[in-house]
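Can you build the whole structure from these sequences, using the hints too?
Counted the way UniProt numbering counts, the sequence shown spans residues 1 to 976.
These are calculated hints, taken from the structure and not from any lab test.
Keep in mind that this is a model prediction, so the values were computed, not measured.
Heads up, the beta-carbon is just placed ideally off N, CA and C, and yes, glycines get one too.
Be aware that one or more of the hints could be misleading.
Label-pair distances were calculated between CB atoms; the ranges are [said to hold, decoys possible]:
(1) Phe-301 to Tyr-520: 56 to 62 Å
(2) Val-503 to Asp-93: 44 to 50 Å
(3) Arg-222 to Glu-480: 23 to 29 Å
(4) Glu-888 to Ser-835: 25 to 31 Å
(5) Glu-548 to Lys-807: 20 to 26 Å
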Amino acid sequence: MNKNESTSTASELSSSATTNQSSTSSPSVATASNSGTTEMMKENSAFSQQIPRILQNFLLVWLDTNFDESKEDFQRSIQLIRNIVASITTFKDVEQCVDFISDIEDEKVFLIVTDSIGRHLISDVEIHTWTQLNSIYVLDDRSSTYEQYAHVTSKVSGVYTQIEPICETLKVHLGHCDRAMISMSFNGIDPLFMYTQLFKEALLEIEDDDDKSIRELIEYCRLQGNIHKDDIDKFEREYHQHRPIWWYTTPYFIYSMLNRALRLMDVDIILKMSFFIRHLHKDIEALYCEQQSTKTYVTPFRVFRGQGLSSDDFEKMKKTKGGLMSFNNFLSTSLERQVSFVFADSIAISKDSKSLGVLFVMTIDPKICETSSVPFVDVKNVGSFGDNEQEILFSTHSIFRIDGIEHIPDDNTDRLWEINLTLVGNDNHDLVKLTSQLRRELTWTKGWSRFGDILIRAGKSSKAEHLYRTLLRESSSEKERAHYNVQLGRVYYYTGEYSKALVSYEQVLEIRKIDLSPNYHELAFYYNNIGLVYCCTGEYSKSLASHERSLEIKKLAASPNDSELAISYHNMAGVYYKMGDYSKALLYYEKDLKISEIALPSNHPSLAVTYNNIGLVYANIGEYSKALESHERSLKIKKIVLPPNHPDLASSYNCIGELYFKMGQCSEALSWYQRSFEIIKIALPPNHPDLAFCYNNIGCVYSDMGEYLKAQSAYERSLEIRKKVLPSNHPSLATSYNNIGLLHMKMGEYSKALLLHQKALGIYEMALPQNHPSLATVYNNIGDVYKKMGKYSNALSWYERSLEVTKIALSPNHPDLAVSYNNIGLLYNNMGEYSKALSLLEQSLEITKIALPSNNPDVACCYNNIGLVYDNMGNYSKALPWYERSLEIRKIVLPPNHPELSVSYNNIGGVFMQMGKYSKALPWFEQALEMKKITLPPNHPSLSTSYLNISVLYDNMGEHSKALLYFEMARNIRRP
Numbered sequence: 001m002n003k004n005e006s007t008s009t010a011s012e013l014s015s016s017a018t019t020n021q022s023s024t025s026s027p028s029v030a031t032a033s034n035s036g037t038t039e040m041m042k043e044n045s046a047f048s049q050q051i052p053r054i055l056q057n058f059l060l061v062w063l064d065t066n067f068d069e070s071k072e073d074f075q076r077s078i079q080l081i082r083n084i085v086a087s088i089t090t091f092k093d094v095e096q097c098v099d100f101i102s103d104i105e106d107e108k109v110f111l112i113v114t115d116s117i118g119r120h121l122i123s124d125v126e127i128h129t130w131t132q133l134n135s136i137y138v139l140d141d142r143s144s145t146y147e148q149y150a151h152v153t154s155k156v157s158g159v160y161t162q163i164e165p166i167c168e169t170l171k172v173h174l175g176h177c178d179r180a181m182i183s184m185s186f187n188g189i190d191p192l193f194m195y196t197q198l199f200k201e202a203l204l205e206i207e208d209d210d211d212k213s214i215r216e217l218i219e220y221c222r223l224q225g226n227i228h229k230d231d232i233d234k235f236e237r238e239y240h241q242h243r244p245i246w247w248y249t250t251p252y253f254i255y256s257m258l259n260r261a262l263r264l265m266d267v268d269i270i271l272k273m274s275f276f277i278r279h280l281h282k283d284i285e286a287l288y289c290e291q292q293s294t295k296t297y298v299t300p301f302r303v304f305r306g307q308g309l310s311s312d313d314f315e316k317m318k319k320t321k322g323g324l325m326s327f328n329n330f331l332s333t334s335l336e337r338q339v340s341f342v343f344a345d346s347i348a349i350s351k352d353s354k355s356l357g358v359l360f361v362m363t364i365d366p367k368i369c370e371t372s373s374v375p376f377v378d379v380k381n382v383g384s385f386g387d388n389e390q391e392i393l394f395s396t397h398s399i400f401r402i403d404g405i406e407h408i409p410d411d412n413t414d415r416l417w418e419i420n421l422t423l424v425g426n427d428n429h430d431l432v433k434l435t436s437q438l439r440r441e442l443t444w445t446k447g448w449s450r451f452g453d454i455l456i457r458a459g460k461s462s463k464a465e466h467l468y469r470t471l472l473r474e475s476s477s478e479k480e481r482a483h484y485n486v487q488l489g490r491v492y493y494y495t496g497e498y499s500k501a502l503v504s505y506e507q508v509l510e511i512r513k514i515d516l517s518p519n520y521h522e523l524a525f526y527y528n529n530i531g532l533v534y535c536c537t538g539e540y541s542k543s544l545a546s547h548e549r550s551l552e553i554k555k556l557a558a559s560p561n562d563s564e565l566a567i568s569y570h571n572m573a574g575v576y577y578k579m580g581d582y583s584k585a586l587l588y589y590e591k592d593l594k595i596s597e598i599a600l601p602s603n604h605p606s607l608a609v610t611y612n613n614i615g616l617v618y619a620n621i622g623e624y625s626k627a628l629e630s631h632e633r634s635l636k637i638k639k640i641v642l643p644p645n646h647p648d649l650a651s652s653y654n655c656i657g658e659l660y661f662k663m664g665q666c667s668e669a670l671s672w673y674q675r676s677f678e679i680i681k682i683a684l685p686p687n688h689p690d691l692a693f694c695y696n697n698i699g700c701v702y703s704d705m706g707e708y709l710k711a712q713s714a715y716e717r718s719l720e721i722r723k724k725v726l727p728s729n730h731p732s733l734a735t736s737y738n739n740i741g742l743l744h745m746k747m748g749e750y751s752k753a754l755l756l757h758q759k760a761l762g763i764y765e766m767a768l769p770q771n772h773p774s775l776a777t778v779y780n781n782i783g784d785v786y787k788k789m790g791k792y793s794n795a796l797s798w799y800e801r802s803l804e805v806t807k808i809a810l811s812p813n814h815p816d817l818a819v820s821y822n823n824i825g826l827l828y829n830n831m832g833e834y835s836k837a838l839s840l841l842e843q844s845l846e847i848t849k850i851a852l853p854s855n856n857p858d859v860a861c862c863y864n865n866i867g868l869v870y871d872n873m874g875n876y877s878k879a880l881p882w883y884e885r886s887l888e889i890r891k892i893v894l895p896p897n898h899p900e901l902s903v904s905y906n907n908i909g910g911v912f913m914q915m916g917k918y919s920k921a922l923p924w925f926e927q928a929l930e931m932k933k934i935t936l937p938p939n940h941p942s943l944s945t946s947y948l949n950i951s952v953l954y955d956n957m958g959e960h961s962k963a964l965l966y967f968e969m970a971r972n973i974r975r976p
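In structure tokens form, the structure reads like this:
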């Protein structure tokens, strides 16, 4: 008879602490408080210039093996091109040119090649796959024809014998490129949409020294070397002689540079151009007021915009039909449909297969513009184009509803579309709800700090770090430096670089302690954040000390029901939760709740966070009905105050999924985890750490269901994201390696499992203090692998190391300590040292009964495992009551088809079989099997165990044909 099932159940108790990550929300940092592109340097031709920073949306590259600077033709050609684009990167070597273009990610490349080398480049390199390569211009003074190249790639714009026609074509194409590369975001798809209005508000409220800012922009542009010197000189001389609208509509560098900055959230350029963003917005506002006084636009009217649109953006547009989108820049449109149609049509008939020509038809209601402060102006007589295009210019980040998408019939192409939009004001309920909530979350800061905070929330932590480091270098006072150091600490906290976060927070605390009295309220904030970091590093006593000091200071200045006190109680509860002291965690969460219910509105998001975390505590002590009730109260508030795709809703769905996972309802857990995943996928960037978290949890469910290939796929996707966005020693990477290791152990691939656990251990040892609980977990899991391999002395060594760390790191009655005693006890059981096994399992039971309610599933697990030892000793009369007590608890607290119930049925059946009571054994075995058939996939190893046990039973009963039938069913599952 096979009883490994019961042993593995006990092992799952220890594994689950690592495998299943809880999403414990904490509002403390935000409530209490709280890079640019690097170009690769290539060795180019004699005329090459290194580009420290790209300032526009495009790059011009010229490849010619016969470049000669001394030739007059060469100098003349370069000068003609520089009249269009200031910076030209030249190459003589094909390989170097290919490497350079391959590294470009965010700009479009326009490539000039001579015929001889062009043939080689186009035939030998799969340039048709390069999305960054927009167009190729072949310069040939012989008789090459366009058709010779066109059949190889559609990116060849034409074959030219002179540089002049290339320049004329290039000028048109660069204009189309700038026009097409305006940033858009789509509600429900792009995370940036959530913050679009707040980005605008943050930028417009910044008040810097304008003259100083203008000088810095000019110096910055000169340093980069890729804007024409004459253009910079003109800007320096004449900036104040023209309106900002004029500068924006001139064919100089301002339009393209600003477009690129807002498209890529390029911190360096936004810092330098923020004055111009404000000036342009104010200019549009002022002219709007002037023009509205003449009542030129009173009734709704239509404007048009023709441009290229990438296939990806077009798909997003179709998915968002009926919903909202934002143009994340100042928006140029025309009153003339035909003018805009020409732009769209020229893209549609072009050779660019990755783009479509679109004609935006926008309905504008002047009343909405007036009531919602959405200024627009007719730039006639103030723009650089005069009356030619009848241009209407909107301020930045205008939001539209997508009403319709229709194909425009055309004889030559199917790539021409009309998209109907309607301008949306701030009376749009969903938009108001969204921005109001986010604005409340950001009230603690303003200006550049708010801009950085939004970058963090939008998943652009590296850009936020770059911003704060730049501001820190330029800060002029200790108070400013302290503030930006705190913000850097927040960046490091969110990216898991806890040692750096701690350094930032502690530096600020020491600086501010010099200037402030010991109990000044500002210091409470610093102690609070230090406490949060220590909690993440597992240094719980230090964390509590910091939070208690923060609370002490707050109590001196705050009223008894001040929400700041609630924050401290909340964060202290979080520490006790991590320590496994659930009674104290519950006590402090209830203190938080008592104040919050008085101090805050009934639907305040902070109340939702508290209910959520109370639910997590109840889940961990096995009070699942109370846990579900708390999570549902949290979710109800979030649904009222948050938009449908807010990440905090995903957090609630995740927690409910985790609860069902603990209850053994894997299909229900998977459903909630997938709901969480769908929101995170929409609300956050593609490689956000929270997306990795979702994949991880989905992997956990599939692993428990025995769907190992699906589990492996989810775990590896989680690891892939974490590798991209997290430091190489981030603890979350160790979690991924650990969980994949657990999966390989379940699959019987022990050497792979061991390698992965050791990889996790290496990261934990670098990233965490030497007695962190996560180290105990990985020691335990390495012990599990050695036990599975039958190397019991090795397993014992690792289990004892785990126990040693757990004793130091956690309280004497922490559930994890019970896990350690449990697993060492089970190992001694396997070794046949039953008295030692019983002693350790009884210690485990004693701690579990102190730490958790008497009907907790973990108590049932302890009873089961003590029964297992007596079973193996052959003392079946003692084993049976332990198994029955375990079953009694499981029937009370677990769902009817929970896998642990089948374990109890299996083990009770086994005892009856060993006692020779075959007729009593059979219904228990059959009940276990039926339950597994309901909850597990047909090839799950646990089903094989049941078939095998029934086979042995029938064999003992002398019913050999039935025994053989069940044996074959068991073998079919176990067969590879």
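Violations among the numbered hints, reported as their numbers in ascending order:
The structure conflicts with no hint, since it agrees with every one listed earlier.
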